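Read top to bottom, the protein sequences are chains A and B.
Note that the UniProt record's numbering has the first sequence beginning at 1, numbered continuously upward.
Note that the UniProt record's numbering has the second sequence beginning at 1, numbered continuously upward.
Don't read these hints as lab results, they were simulated from the structure.
Keep in mind that a hint or two might mislead.
Cut-off 25 Å, straight-line C-alpha distance, at most; resulting in silico cross-link-like pairs (SDA-like, lysine to any residue) [unchecked claim]:
(1) A/373 - A/87
(2) B/263 - A/293
(3) B/373 - B/348
(4) A/263 - A/331
(5) A/263 - B/411
(6) A/373 - A/307
(7) A/373 - A/83
(8) B/263 - A/87
(9) B/263 - A/212
(10) A/373 - B/411
(11) B/263 - A/299
(12) A/263 - B/263
(13) A/373 - A/403
Keep in mind it's a predicted model, so treat the numbers as computed, not measured.
Protein chains: 2
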Amino acid sequence: MRHHGRVTLFTALTDHAPDPSLAHRRAMAEVTVAGPDGTPLAGTDVVVAQTRHAVGFGCIGFELMDHVNGRSSDPVYDNDFADRWLDLFNVATLPFYWGTFEPTQGAPRTAETLAAARWFADRGVTVKGHPLVWHTVQPRWLLDRPLDEVERLQRERIRRDVGDFAGVIDTWDAINEAVIMPVFTAEENAITPLARLKGRVETIRMAFDEARATNPGATLLLNDFDMSTAYECLIEAVLEAGIRIDRLGLQSHMHQGYWGEEKTLRILERFARYNIPIHLTESTLLSGELMPDHVVDLNDWQVESWPSTPEGEERQADEVERHYRTLLSHPAVEVVNYWGLGDRGMWLGAPGGLLRGDGSPKPAYERLRSLVKGEWWHAPTTLRTDDAGRVRVDGFLGDYEVSLPDGGPAAALRLDRAGEQTAQVRLAG
Amino acid sequence: MRHHGRVTLFTALTDHAPDPSLAHRRAMAEVTVAGPDGTPLAGTDVVVAQTRHAVGFGCIGFELMDHVNGRSSDPVYDNDFADRWLDLFNVATLPFYWGTFEPTQGAPRTAETLAAARWFADRGVTVKGHPLVWHTVQPRWLLDRPLDEVERLQRERIRRDVGDFAGVIDTWDAINEAVIMPVFTAEENAITPLARLKGRVETIRMAFDEARATNPGATLLLNDFDMSTAYECLIEAVLEAGIRIDRLGLQSHMHQGYWGEEKTLRILERFARYNIPIHLTESTLLSGELMPDHVVDLNDWQVESWPSTPEGEERQADEVERHYRTLLSHPAVEVVNYWGLGDRGMWLGAPGGLLRGDGSPKPAYERLRSLVKGEWWHAPTTLRTDDAGRVRVDGFLGDYEVSLPDGGPAAALRLDRAGEQTAQVRLAG
Chain A
1 MRHHGRVTLF TALTDHAPDP SLAHRRAMAE VTVAGPDGTP LAGTDVVVAQ
51 TRHAVGFGCI GFELMDHVNG RSSDPVYDND FADRWLDLFN VATLPFYWGT
101 FEPTQGAPRT AETLAAARWF ADRGVTVKGH PLVWHTVQPR WLLDRPLDEV
151 ERLQRERIRR DVGDFAGVID TWDAINEAVI MPVFTAEENA ITPLARLKGR
201 VETIRMAFDE ARATNPGATL LLNDFDMSTA YECLIEAVLE AGIRIDRLGL
251 QSHMHQGYWG EEKTLRILER FARYNIPIHL TESTLLSGEL MPDHVVDLND
301 WQVESWPSTP EGEERQADEV ERHYRTLLSH PAVEVVNYWG LGDRGMWLGA
351 PGGLLRGDGS PKPAYERLRS LVKGEWWHAP TTLRTDDAGR VRVDGFLGDY
401 EVSLPDGGPA AALRLDRAGE QTAQVRLAG
Chain B
1 MRHHGRVTLF TALTDHAPDP SLAHRRAMAE VTVAGPDGTP LAGTDVVVAQ
51 TRHAVGFGCI GFELMDHVNG RSSDPVYDND FADRWLDLFN VATLPFYWGT
101 FEPTQGAPRT AETLAAARWF ADRGVTVKGH PLVWHTVQPR WLLDRPLDEV
151 ERLQRERIRR DVGDFAGVID TWDAINEAVI MPVFTAEENA ITPLARLKGR
201 VETIRMAFDE ARATNPGATL LLNDFDMSTA YECLIEAVLE AGIRIDRLGL
251 QSHMHQGYWG EEKTLRILER FARYNIPIHL TESTLLSGEL MPDHVVDLND
301 WQVESWPSTP EGEERQADEV ERHYRTLLSH PAVEVVNYWG LGDRGMWLGA
351 PGGLLRGDGS PKPAYERLRS LVKGEWWHAP TTLRTDDAGR VRVDGFLGDY
401 EVSLPDGGPA AALRLDRAGE QTAQVRLAG
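Isolated chain A (complex conformation) (with noise of 0.2 Å):
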């Protein structure tokens, strides 16, 4: 609820108390389930499954653009890393970077991308573009426009991709990292110089109105790094301009080391007062050694090499463990993105994986799994209907289905709203 004038703008601080028990994401149904012509099944095994998270537990699917277009350089890897991704996320963020997205003018790489979006898609993953604004790996051929062309080119880029993907990816980081845009110095580029000059509301507005445009259905997150004021500043900013953002984006690179729980959830308490829901867009724990504090801009961190260590990989784990219980106890977070599945070809040769170079699952990712695929999952379980043909469900959000032991008949749930509850289900197929 936003207002102007002598009214409130932004919620107060209780309304979003986290809540370690998790309670807030998980739905304590009563179900009645109904055979194929309707009467309630007294006294009969059910089995009942958990099929999907409502939480988007996400990760970068970068990795496996090349599998799915059947150019992989590793396949027994690469076949493997696919299992394993699936097996752990429900979220893929697929490569927008406009300067290695359109290398040549004219000829963006919309095919293959179009592949893998389809491929996670098919996959029963959500699929999210990344990023159609951003002033780091631009084209080349863009520089020493003069900047009403870069602001038409850019125009025409955010138009041209989200109606590629419309019905595929409908979820878009519509801008990254707006605050540095204008001042950002480490690399010449055009967008920097647009952004200066349209300030950054205009720039926000710009990505938001062409992606809004083209996918009214769109949801479109402003994503940023910084966690500082200078985000809340520019959320206000946002917001007092009338640009709708459905989804706020926090990343949580953590190569410095891991934030705490006292620090994520001051985090999340400042930016959740905006009553927008939160998503941990790039979350990355190392398993190695720490990149010291002084870095400031972690792309200045040129190393050599930069082992997992087994002593990293204890840490890591427990840190993934109580990153993702932190985030997922605080109702307004949504989805949580990890920024690369594996330490092959990871951002800053960091070894942030959840698996080896070789492909191997560290501990973090079997301490991942089984919470997202154990505590906090409803694996097949068969349960006694009662007299009046109901079952308990207790479980997370999200799909589930509801079918006889021995195959046959089975219905769809879903529980989308947490607490106790009534559900209904009638068996059929």
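Since the structure of chain A is already known, use the hints to place chain B on it.
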């Protein structure tokens, strides 16, 4: 120039190039001097004297409150202090911290503050009130009231004080440190929760709206110590919200060391692009040991004794000169306020004054005076008019007096435009 949509919001970088020659602050005027009858005075000696700088050289006037109100506990010190103050500065900042201005609800210190404001105004000094809204130095009696009452009282307070001082104080720091306001935790206060609920922009709107409604001609500043991208984002938010900022206030308390020319110019360049004239509202440079870098909130640094040292005084004098030269080199800078003329009673007990505790001038005082009333000042100078009654006046922008050497007829001359120009004066009186 501000527009929405596809056009330019902010200025290009090149519009505000700094110029160390300060040519942008100097007039080169060919002045025709006429006698009382309107006839140009050919071949006549005239005295041209600057009487006021166009640029604001300001300082807080807090220390003179008691002196002005006849309550000085050290009249000799205060008399001398007042003379030195008036010899150097033409802009005074007076304290309107709510907690000390109105320690008992309904009993504001209006009379003594008004006496001080008038004392300065009578001496040709522009007076600014600081601040109308802030989260520290808050009244105890405001705590634990419902937020709607806090807001009502805050609004009433603004209207009362802006109204009571209109005509004497027409410049206000409308709101102070809004970047940190909603997340400030160091001190319990009633304004932080209000700012948190309303959001920064609506809190700023409250301050500006109430002040503007009460004194439509007032010059209203947004003031902050945060020189990061956060302040940029906040400014963009305020501009997007359609709130007119008359002047942009940048604090520059340099207790942890002089910024240096490069950082200073980078900051000015970043904030100048909003096309709002800049006031350096709070400048401090120490003549003693520096505060360690690790201190984040300067208020956390509590020391028993913090002496001014001979080496420190030499350094301070150099840095004061560099600071003022750098600031004036940038065309966007309109006012530079120093934060306390004397070490006695200085914020944090720091040796940041230009006078020592005993009132004697440090080298920095003499250095600054040699600029403000020396290099940058047109002292009374006898010039001979040419055959057409013309003299050349090359000097800093500001007010001048042209008179005959033996007194008698005189005329005021205002040079408010840089560069070559012509002007006419007619002596009278």
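Here's how the hints hold up against the structure:
{"no.": "1", "hint": "A/373 - A/87", "in the structure": "holds, 8 Å"}
{"no.": "2", "hint": "B/263 - A/293", "in the structure": "holds, 22 Å"}
{"no.": "3", "hint": "B/373 - B/348", "in the structure": "violated, 30 Å"}
{"no.": "4", "hint": "A/263 - A/331", "in the structure": "holds, 16 Å"}
{"no.": "5", "hint": "A/263 - B/411", "in the structure": "violated, 66 Å"}
{"no.": "6", "hint": "A/373 - A/307", "in the structure": "violated, 28 Å"}
{"no.": "7", "hint": "A/373 - A/83", "in the structure": "holds, 14 Å"}
{"no.": "8", "hint": "B/263 - A/87", "in the structure": "violated, 51 Å"}
{"no.": "9", "hint": "B/263 - A/212", "in the structure": "violated, 40 Å"}
{"no.": "10", "hint": "A/373 - B/411", "in the structure": "violated, 88 Å"}
{"no.": "11", "hint": "B/263 - A/299", "in the structure": "holds, 23 Å"}
{"no.": "12", "hint": "A/263 - B/263", "in the structure": "violated, 30 Å"}
{"no.": "13", "hint": "A/373 - A/403", "in the structure": "holds, 20 Å"}
Checked against the numbered hints listed earlier, the structure breaks hints 3, 5, 6, 8, 9, 10, 12; every other hint is satisfied.
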